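Using the sequences and the accompanying hints, generate a full structural model.
In order, the protein sequences belong to chains A and B. Quick note on numbering: the first sequence equals residues 1 to 289 in our numbering. Quick note on numbering: the second sequence equals residues 1 to 291 in our numbering.
Because the hints were derived from the structure by calculation, they are not lab data. Here the structure is a predicted model, which means the values were calculated and not measured. C-beta atoms are modelled at their ideal positions from N, C-alpha and C, and glycine is treated no differently. Warning: the hint list may mix true and false statements.
Unchecked claim - Simulated pairs of lysine-lysine, BS3-like, Cα-Cα distance not exceeding 27 angstroms:
| # | chain 1 | residue 1 | chain 2 | residue 2 |
| --- | --- | --- | --- | --- |
| 1 | B | Lys51 | B | Lys64 |
| 2 | A | Lys176 | A | Lys112 |
| 3 | B | Lys93 | A | Lys8 |
| 4 | A | Lys116 | A | Lys176 |
| 5 | A | Lys176 | A | Lys277 |
| 6 | A | Lys277 | B | Lys51 |
Stated by the list, open to error - Covered by chain A, per the in silico footprint, the following chain B stretches (three or more residues, Cβ under 8 angstroms):
| # | region |
| --- | --- |
| 7 | 20 to 33 |
| 8 | 44 to 56 |
| 9 | 63 to 73 |
| 10 | 102 to 116 |
| 11 | 177 to 190 |
| 12 | 226 to 235 |
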Amino acid sequence: MMKRAIGKDEHTRAVLQQTVQNIGLYIILTCVAIITVFPFLWVFFTSFKGPTDAIYSVPPQLIPHEPTFANYIRVWNFLPVGRFFINSIVVTMSVVVLNTLFTSLAAYPLAKMKFKGSNTIFYLLLVTYIIPSALTAIPSYILAVRVFHYYDHIQAAILPYLATVFNIFLLRQAYKGVPDDLIDAGHVDGANEFRIWWNIVIPIIRPSLATVAIITFVEQWNNFFWPSLVLPTMTNKTLQVGLVALQGAFVSDARGTAAGVVMTVVPMIIFFLLLQKQFIRGLTGAVKG
Amino acid sequence: MSKKFSLTPYLFLTPALVVVAIFVLYPIFAVLYYSFTDYSIVTPPVWVGMKNYSWLIHDPIFWKSLGHSFIYLLVTPILIVLSVILAIVVNRKLPGIHAFRALFFIPVISGSIAVGIAWRLMLDRNGIINALLLSVGILKEPMQWLAEPSLTLPFCMALTIWLGVGYYMMIFLAGMQNIPEELYDSAMLDGCNSWQKHWFITISGLRPQITFVAVISSLAALQVFNEVFTITGGLGGLLQSAYTVVFYLWQQAFRLSHAGKASAIAMVLLLITLAFSMINIRLLERGTEAD
Numbered sequence: 001m002m003k004r005a006i007g008k009d010e011h012t013r014a015v016l017q018q019t020v021q022n023i024g025l026y027i028i029l030t031c032v033a034i035i036t037v038f039p040f041l042w043v044f045f046t047s048f049k050g051p052t053d054a055i056y057s058v059p060p061q062l063i064p065h066e067p068t069f070a071n072y073i074r075v076w077n078f079l080p081v082g083r084f085f086i087n088s089i090v091v092t093m094s095v096v097v098l099n100t101l102f103t104s105l106a107a108y109p110l111a112k113m114k115f116k117g118s119n120t121i122f123y124l125l126l127v128t129y130i131i132p133s134a135l136t137a138i139p140s141y142i143l144a145v146r147v148f149h150y151y152d153h154i155q156a157a158i159l160p161y162l163a164t165v166f167n168i169f170l171l172r173q174a175y176k177g178v179p180d181d182l183i184d185a186g187h188v189d190g191a192n193e194f195r196i197w198w199n200i201v202i203p204i205i206r207p208s209l210a211t212v213a214i215i216t217f218v219e220q221w222n223n224f225f226w227p228s229l230v231l232p233t234m235t236n237k238t239l240q241v242g243l244v245a246l247q248g249a250f251v252s253d254a255r256g257t258a259a260g261v262v263m264t265v266v267p268m269i270i271f272f273l274l275l276q277k278q279f280i281r282g283l284t285g286a287v288k289g
Numbered sequence: 001m002s003k004k005f006s007l008t009p010y011l012f013l014t015p016a017l018v019v020v021a022i023f024v025l026y027p028i029f030a031v032l033y034y035s036f037t038d039y040s041i042v043t044p045p046v047w048v049g050m051k052n053y054s055w056l057i058h059d060p061i062f063w064k065s066l067g068h069s070f071i072y073l074l075v076t077p078i079l080i081v082l083s084v085i086l087a088i089v090v091n092r093k094l095p096g097i098h099a100f101r102a103l104f105f106i107p108v109i110s111g112s113i114a115v116g117i118a119w120r121l122m123l124d125r126n127g128i129i130n131a132l133l134l135s136v137g138i139l140k141e142p143m144q145w146l147a148e149p150s151l152t153l154p155f156c157m158a159l160t161i162w163l164g165v166g167y168y169m170m171i172f173l174a175g176m177q178n179i180p181e182e183l184y185d186s187a188m189l190d191g192c193n194s195w196q197k198h199w200f201i202t203i204s205g206l207r208p209q210i211t212f213v214a215v216i217s218s219l220a221a222l223q224v225f226n227e228v229f230t231i232t233g234g235l236g237g238l239l240q241s242a243y244t245v246v247f248y249l250w251q252q253a254f255r256l257s258h259a260g261k262a263s264a265i266a267m268v269l270l271l272i273t274l275a276f277s278m279i280n281i282r283l284l285e286r287g288t289e290a291d
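As structure tokens, this is what we get:
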């Protein structure tokens with residue numbers, strides 16, 4: 001009798017303790033969620049505010065009483081936002097496709113073939129990995145202006161990113177997990193190295209290719225430093241660069257600037273919400289590589 | 001794998017190596033050369049020896065920028081502490097926990113430029129931060145947050161932290177899945193309380209991830225640009241209050257066309273990054289030895 005009573009008592013105490021702890025956790029989670037979401041919510045609501053909805057008032061007004069698309073229309077008419085979108089899509093997609101192709105080609109012999117100079121190439125790549133991008137930007141800019149003559153052309157934003165050392169290392173690691181027996185079987189069947197790579201190896205490392213594609217996609221869509229240097233003409237700018245131009249032109253127009261921010265961020269957030277698992281696995285899964 | 005010489009591996013490597021050679025390898029040597037020249041990009045470079053370096057040594061703005069870049073490294077310990085705590089919090093089976101995790105990840109993918117501009121709007125004299133603080137009674141009159149030199153750099157650092165916490169949280173969360181459950185059970189049997197449990201087991205179990213995050217976040221902090229650019233509207237803050245090494249490099253190279261001086265700054269940045277990577281590799285080696 002006694003024993004059972006104590007057991008029951010302890011059980012309720014444990015449940016109570018668990019409940020209190022969970023409430024505490026939800027409070028922390030909610031606070032962090034508010035800090036995370038608030039800037040987005042505020043920008044979103046501000047972008048739909050009309051002239052009668054105050055940006056600044058005490059107490060503050062968050063939600064517009066008379067929501068309007070006027071800010072979006074004003075921004076769209078004042079700046080070539082459609083061009084910004086097209087340019088961003090062209091740059092991002094070209095880099096994602098070609099970078100994934102080039103780095104998956106380059107990583108294969110580094111993981112699976114013995115050849116003269118392989119160690120030299122590997123260590124050379126390792127060293128280049130830590131070179132600051134601000135350093136490489138100076139000569140790359142001079143090359144763009146004086147040698148390749150693609151300054152102010154969209155290629156200028158694409159070419160320097162067609163191979164990234166980080167992606168090569170990531171894929172090299174993935175190739176290392178492919179059993180040699182499979183490749184040798186391909187040799188026995190008389191297939192050449194490209195055939196083996198394309199038909200046997202690539203299908204196996206597909207998850208890692210997705211990782212590389214997602215990392216590159218997010219990086220390029222949000223890339224600012226280099227495109228801002230080489231794309232001066234308004235119609236050649238990408239979204240991020242165009243957004244800064246918009247911020248400059250709409251200095252005293254918080255509603256218009258907010259509309260620009262929403263247009264830049266929303267496509268990526270939608271993409272993320274649709275492919276959450278792939279995004280998180282891709283961006284953080286690279287760590288193991 | 002045949003032993004006779006074959007062109008195949010080189011063919012696989014060529015496209016990527018050409019790109020790396022032009023846009024990463026060549027620039028190292030070009031910058032080294034430019035750093036000894038007077039170069040305005042429009043006219044050809046003129047050899048000036050050590051002039052750019054002695055200019056740097058005597059330039060107070062450079063030293064200020066360098067100091068700011070080192071102060072910026074404070075984001076690394078803050079990021080690690082916050083994201084480990086957050087990872088511990090979200091590493092439970094609670095209803096809705098996946099939604100919270102995804103939510104915390106959104107800043108990571110939304111891009112520093114757009115978010116920085118949003119922050120600048122919020123911190124404006126006529127922004128929501130003033131409105132909120134006034135209505136709660138913390139402020140008596142609106143502050144010019146962005147015109148306050150002592151706050152500019154901290155705002156940039158806060159933005160870096162806000163943008164990064166979700167990313168590092170996910171890295172730590174992934175690391176926690178590799179910590180065996182039995183370790184926690186035996187710690188509970190040994191009479192550890194909840195905090196001791198996390199201190200002894202979670203933190204030491206996460207050592208590889210902590211080292212990794214320390215490496216990447218400190219290298220990123222040394223090279224910060226976007227946050228400074230957006231928070232200060234491209235000006236670097238009043239009285240150079242948010243100038244960092246990369247911001248100063250950018251200004252010298254691309255605003256003032258002083259490619260020679262900018263290259264000297266780039267060489268200093270390269271040396272600092274190399275030194276940091278060496279220290280980090282040492283730490284990494286020590287970290288793996290302990291395992």
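Going through the hints against the structure:
1. B:Lys51 to B:Lys64: 20 angstroms, holds
2. A:Lys176 to A:Lys112: OK: lysine 176 of chain A and lysine 112 of chain A at ~7 angstroms, within 27 angstroms.
3. B:Lys93 to A:Lys8: Status holds; Cα separation ~25 angstroms.
4. A:Lys116 to A:Lys176: Holds: lysine 116 of chain A and lysine 176 of chain A sit about 19 angstroms apart, inside 27 angstroms.
5. A:Lys176 to A:Lys277: It holds: about 24 angstroms lies between the C-alpha atoms, which stays within 27 angstroms.
6. A:Lys277 to B:Lys51: 53 angstroms, violated
7. 20 to 33: Holds, because 10 residues of the region 20 to 33 of chain B bring their Cβ atoms closer than 8 angstroms to Cβ atoms of chain A.
8. 44 to 56: With 0 residues in contact (Cβ-Cβ under 8 angstroms with chain A), the coverage given for the region 44 to 56 of chain B is violated.
9. 63 to 73: violated (count 0)
10. 102 to 116: holds (count 14)
11. 177 to 190: violated (count 0)
12. 226 to 235: holds (count 5)
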